[in-house]
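Residue numbers (numbering that gives the first Met the number 0), protein chains in the order written: chain A, 0 to 224; chain B, 0 to 440.
Hint data in this document are derived by calculation from the structure and do not stem from the laboratory. Note that the coordinates shown come from a computational prediction; the quantities given were computed from them, not determined experimentally. Ideal placement from N, C-alpha and C gives every residue a C-beta, glycine not left out. Heads up, some of the hints might be wrong.
[As the list claims (entries may be wrong)] Listing some non-contacts, in silico: residues in chain B with all C-beta distances to chain A over 12 angstroms:
no.	residue
1	T16
2	E135
3	G195
4	G232
5	K372
6	G373
7	W436
[Said to hold, decoys possible] Residues from chain B that keep clear of chain A, each with C-beta distances beyond 12 angstroms, as calculated:
no.	residue
8	P201
9	E302
10	Y361
[As the list claims (entries may be wrong)] With a Cα cut of at most 25 angstroms, we get these calculated SDA-like pairs of lysine to any residue:
no.	chain 1	residue 1	chain 2	residue 2
11	A	K209	B	A26
12	A	K24	B	F203
13	A	K16	B	F203
14	A	K209	B	K153
15	A	K152	B	D429
16	B	K83	A	P148
17	B	K372	A	E17
18	B	K352	A	R26
19	B	K352	A	E61
20	A	K206	B	L304
21	A	K209	B	R281
22	B	K352	A	L57
23	A	K209	B	D385
24	A	K59	B	Y193
25	A	K24	B	G176
26	A	K206	B	K372
27	A	K16	B	V170
28	A	K206	B	T269
29	A	K16	B	T269
30	A	K24	B	A145
31	A	K59	B	R198
32	A	K24	B	G45
33	A	K206	B	A282
34	A	K24	B	D301
35	B	K364	A	L57
36	B	K411	B	W436
37	A	K206	B	R271
38	A	K209	B	R198
39	B	K243	B	T257
40	B	K352	A	Y69
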Amino acid sequence: MTTYSPEVRERLERDAKEIIGRYPKPRSALLPLLHLVQAEDGYVTDTGQEFCAEMLGLTKAEIVGVSTFYTMYKRRPAGEFHVGVCINSLCAIMGGDQIWEELTEHAGIGNGETTSDGKVSLERIECNAACDFAPVMMVNWEFFDNQTPDSAKQLVDDLRAGKEIAPTRGPGRLCSFKEASRVLAGLPDGQAGDGPSAVGPSIEGLKIAKANGWTAPAPSKGASE
Amino acid sequence: MDRARTFEGGLRMTTLTPVLTANWDRADSFTLQGYGEYEAAKTALGMDPDAIIKVVKDSGLRGRGGAGFPTGMKWGFIPQGDGKAHYLVVNADESEPGTCKDIPLMMANPHSLVEGVIITAFAIRANQAFIYIRGEVLHVVRRVQAAVAEAYEKGYLGTDILGSGYDLELVVHTGAGAYICGEETALLDSLEGYRGQPRLKPPFPAVAGLYACPTVINNVESIASVPSIVSNGADWFASMGTEKSKGFGIFSLSGHVTRPGQYEAPLGITLRELLDMAGGVRAGHRLKFWTPGGSSTPIFTDEHLDVPLDFESVGAKGSMLGTRALQIFDETTCVVRAVLRWTEFYAHESCGKCTPCREGTYWLKQVLRRLEKGQGTEDDLTTITDIADNILGRSFCALGDGAVSPIHSSVKHFRDEYLKHFEIGACPFDRAASTVWGASA
Chain A
0 MTTYSPEVRE
10 RLERDAKEII
20 GRYPKPRSAL
30 LPLLHLVQAE
40 DGYVTDTGQE
50 FCAEMLGLTK
60 AEIVGVSTFY
70 TMYKRRPAGE
80 FHVGVCINSL
90 CAIMGGDQIW
100 EELTEHAGIG
110 NGETTSDGKV
120 SLERIECNAA
130 CDFAPVMMVN
140 WEFFDNQTPD
150 SAKQLVDDLR
160 AGKEIAPTRG
170 PGRLCSFKEA
180 SRVLAGLPDG
190 QAGDGPSAVG
200 PSIEGLKIAK
210 ANGWTAPAPS
220 KGASE
Chain B
0 MDRARTFEGG
10 LRMTTLTPVL
20 TANWDRADSF
30 TLQGYGEYEA
40 AKTALGMDPD
50 AIIKVVKDSG
60 LRGRGGAGFP
70 TGMKWGFIPQ
80 GDGKAHYLVV
90 NADESEPGTC
100 KDIPLMMANP
110 HSLVEGVIIT
120 AFAIRANQAF
130 IYIRGEVLHV
140 VRRVQAAVAE
150 AYEKGYLGTD
160 ILGSGYDLEL
170 VVHTGAGAYI
180 CGEETALLDS
190 LEGYRGQPRL
200 KPPFPAVAGL
210 YACPTVINNV
220 ESIASVPSIV
230 SNGADWFASM
240 GTEKSKGFGI
250 FSLSGHVTRP
260 GQYEAPLGIT
270 LRELLDMAGG
280 VRAGHRLKFW
290 TPGGSSTPIF
300 TDEHLDVPLD
310 FESVGAKGSM
320 LGTRALQIFD
330 ETTCVVRAVL
340 RWTEFYAHES
350 CGKCTPCREG
360 TYWLKQVLRR
370 LEKGQGTEDD
380 LTTITDIADN
390 ILGRSFCALG
400 DGAVSPIHSS
410 VKHFRDEYLK
420 HFEIGACPFD
430 RAASTVWGAS
440 A
């Protein structure tokens, strides 16, 4: 069994203590800590789980019982770019099924597998709450809206070729799976201000309301008391 | 209610009422500059907490996460003067298939949520709050983290907020991929660092919630609506909507519709009205079936275009308003395929705690796969409805009940389509025709 080097361990401990300190009870920090070790290793390793157990005073079995319950914790190394294709009913019908079929054939890997260069892993994902942008794909949990089989294949080719890619609603530069996991652990990367506030379907209703002069009723005077 | 104004031809016409979505077309809507200076929170901190609860009760606001429980009443259940810590937990685990309102809301207008948290926590006398966001939406997590940080910098969070003597800490917590954590007690277990599995109720979270302390759990949109109620008054909110379903809500149109998107309107608007605004079902096609509020709400058909989308009217027609997730499917769509996919989803997301749900969704999936391929028999229809009957009402939480909704409603409305599959030994639909690019082919 491997362990973290003293430098890595010191850094992880510092981060872990900061995260644990936010919660009334330490165990509440377990999900963020699992994201944190995933940010270090690219998946939830034995070493990472032992680290979590030590930090929280739990047994490794307790950690594994939790980590195996949640699908975002990977038990094998994810690609540098973890690509999800929504195959829940609406996206599947709008074309997600065809995207998945063509993409897996094109990339030569299946669900939960990673390309031999370690660049891309694929996952059939469930509804990601962007149905008005269907068919939807996610890369490292950033939105790639309104996809087609061709755009999906191009995306994976570009990712493998190391080209700079921007999500459709997100920062100007797509981060790595490890970097994404660090933000999810509760350690911001300073990129919140990047990207649009809302685009396309998100503001469709607002545009129609403005075009027609529709608003919510005006409040009456002295409303709040 | 004069909300449904009558115009020339005597047709009913409800208009949109942007409140939460009103600033989304500003490039800086997610910053304090684009949102405003928390005037509602300033007002609230000068009020008696019970008076805030009363305003929210009087407004008629009901939970926007699907169940529609009166928000003010929920707050009123928190015992006061009990000497225990109180907690506010925002359920931002939006994962119900079709539901896509809270995610763009937090992306574009996170400050409405943070301000709502301050007011709500103050009202229920909580000094610690959490926003539990699903993990699969990285940029939304960033936006909420940044909004919370901005609020701390401005002194809207932390100790002695704006000199009021009130302290509040707010933690942004991310989930890790589990639909079940949208169920409030599973969410609490998850937030405590366990597998997200529902608890038996009672005790309800208002009595024994997070760390066994009194806890309010509310949906994002519910909490984000609170500042507007405090600022504009209960009567203002109640002037929108219907008698028992008051106020506005975000309606999310997706699928085979010309202009899918977020439409903020008074409760009680109809799908016909919304489709008119959205350019109708995509060109050359007609409505076949739709969900009023996500996959867990029984499907409707074109018979239901004029059902007012409020809690009572949708319920009276055998479905539920849910999260106003209007997934629109046209005549190119195979209903058996849609139901199969939803069923696979429920089987995947069942937490495994209760046998009827864990085993039932598994077997539903097996039988539906056979049916969809045209390899089933008429007996299989009896089998799936029997299994569904044995899941319904027999588990701790509503996941199993939700899994049953598409089964029962699709067999009721589209029995012939199921039969057709095994009559011809295959799915009678061309999958390509239902895709976005297949429409023009």
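Hint-by-hint comparison with the structure:
| no. | hint | result |
| --- | --- | --- |
| 1 | T16 | violated, 4 angstroms |
| 2 | E135 | violated, 5 angstroms |
| 3 | G195 | violated, 7 angstroms |
| 4 | G232 | violated, 3 angstroms |
| 5 | K372 | holds, 14 angstroms |
| 6 | G373 | holds, 17 angstroms |
| 7 | W436 | violated, 6 angstroms |
| 8 | P201 | holds, 23 angstroms |
| 9 | E302 | holds, 21 angstroms |
| 10 | Y361 | holds, 16 angstroms |
| 11 | K209/A <-> A26/B | holds, 17 angstroms |
| 12 | K24/A <-> F203/B | holds, 21 angstroms |
| 13 | K16/A <-> F203/B | violated, 32 angstroms |
| 14 | K209/A <-> K153/B | violated, 32 angstroms |
| 15 | K152/A <-> D429/B | holds, 23 angstroms |
| 16 | K83/B <-> P148/A | violated, 55 angstroms |
| 17 | K372/B <-> E17/A | violated, 53 angstroms |
| 18 | K352/B <-> R26/A | holds, 21 angstroms |
| 19 | K352/B <-> E61/A | holds, 17 angstroms |
| 20 | K206/A <-> L304/B | holds, 23 angstroms |
| 21 | K209/A <-> R281/B | holds, 23 angstroms |
| 22 | K352/B <-> L57/A | holds, 23 angstroms |
| 23 | K209/A <-> D385/B | violated, 50 angstroms |
| 24 | K59/A <-> Y193/B | holds, 13 angstroms |
| 25 | K24/A <-> G176/B | holds, 22 angstroms |
| 26 | K206/A <-> K372/B | violated, 43 angstroms |
| 27 | K16/A <-> V170/B | holds, 15 angstroms |
| 28 | K206/A <-> T269/B | holds, 19 angstroms |
| 29 | K16/A <-> T269/B | violated, 51 angstroms |
| 30 | K24/A <-> A145/B | holds, 24 angstroms |
| 31 | K59/A <-> R198/B | holds, 24 angstroms |
| 32 | K24/A <-> G45/B | violated, 31 angstroms |
| 33 | K206/A <-> A282/B | holds, 21 angstroms |
| 34 | K24/A <-> D301/B | violated, 51 angstroms |
| 35 | K364/B <-> L57/A | violated, 37 angstroms |
| 36 | K411/B <-> W436/B | violated, 31 angstroms |
| 37 | K206/A <-> R271/B | holds, 19 angstroms |
| 38 | K209/A <-> R198/B | violated, 45 angstroms |
| 39 | K243/B <-> T257/B | violated, 31 angstroms |
| 40 | K352/B <-> Y69/A | holds, 15 angstroms |
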